[in-house]
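Visitor: Residue strings, one per chain:
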Amino acid sequence: QKEVEQNSGPLSVPEGAIASLNCTYSDRGSQSFFWYRQYSGKSPELIMSIYSNGDKEDGRFTAQLNKASQYVSLLIRDSQPSDSATYLCAVIGGSNYKLTFGKGTLLTVNP
Amino acid sequence: DAGITQSPRHKVTETGTPVTLRCHQTENHRYMYWYRQDPGHGLRLIHYSYGVKDTDKGEVSDGYSVSRSKTEDFLLTLESATSSQTSVYFCAISESSVSQNYGYTFGSGTRLTVV
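Those sequence lines, one after another, are chains D and Y. For the record, in the first sequence the residue sitting at position 108 is 108 according to our numbering, with numbers rising by one throughout. For the record, in the second sequence the residue sitting at position 43 is 1043 according to our numbering, with numbers rising by one throughout.
Please note that the accuracy of each hint is not assured.
[Claimed, not checked] Lysine-lysine pairs mimicking DSS-like chemistry, simulated, CA-CA at most 27 Å apart: (1) K103(D) / K1011(Y); (2) K42(D) / K56(D); (3) K103(D) / K1070(Y); (4) K42(D) / K1011(Y); (5) K67(D) / K1011(Y); (6) K1057(Y) / K1070(Y).
In short, the hints are calculated from the structure, not lab data. Being a predicted model, the structure only gives us computed values, none of them experimental.
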């Protein structure tokens, strides 16, 4: 069973702080990694993708991938109350095109 | 969500009745997926399609069937609805190449209640 694990939280940070979200995966053949944001009652929205070891930055978001440790993380700098949502880690393994999701981490940014 | 629509948005149905949910895309993407989302379980794949008339099962396919007669439409049918199928159902589409996957785009979801 290919698994994606996330801390369910809730993770609470003050406005302006760095929020750090973590994810581990079990399938060593995984090649594509994604972070989705989901507001309450809404659909998941893709915010970051990463395919190679290292860091990838997009505005206030940085995704980090370490394939040797089977670890993916998302950093949100200068956190805003509007970042309050559930963040879903998702992984595609091997040659298939099916995303496996973690259960998500609820982030709350306090003004 | 641009390019992908689900219908209906909300539905209440009785136990034992058949229910069909529709996903329609205007992106001409090859891959389409049905997920359900439940508290404590996250998003779980029900069925997916990799082309017209080409479908396969996901991890929670029991009690569900799908059909894809056109590129743009992917239908999910609950053959005889049960209370355990009360959930939020999401359709997703993806454009992928052999070398890279670009992630999925999700529809707005269908909230289904089986009473």
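Visitor: With reference to the structure, classify each hint as holding or not holding.
Guide: Quick rundown of the hints versus the structure:
no. : hint                : result
1   : K103(D) / K1011(Y)  : holds (25 Å)
2   : K42(D) / K56(D)     : holds (26 Å)
3   : K103(D) / K1070(Y)  : violated (32 Å)
4   : K42(D) / K1011(Y)   : holds (16 Å)
5   : K67(D) / K1011(Y)   : violated (42 Å)
6   : K1057(Y) / K1070(Y) : holds (19 Å)
Against the hints set out earlier in the document, violations occur for numbers 3 and 5.
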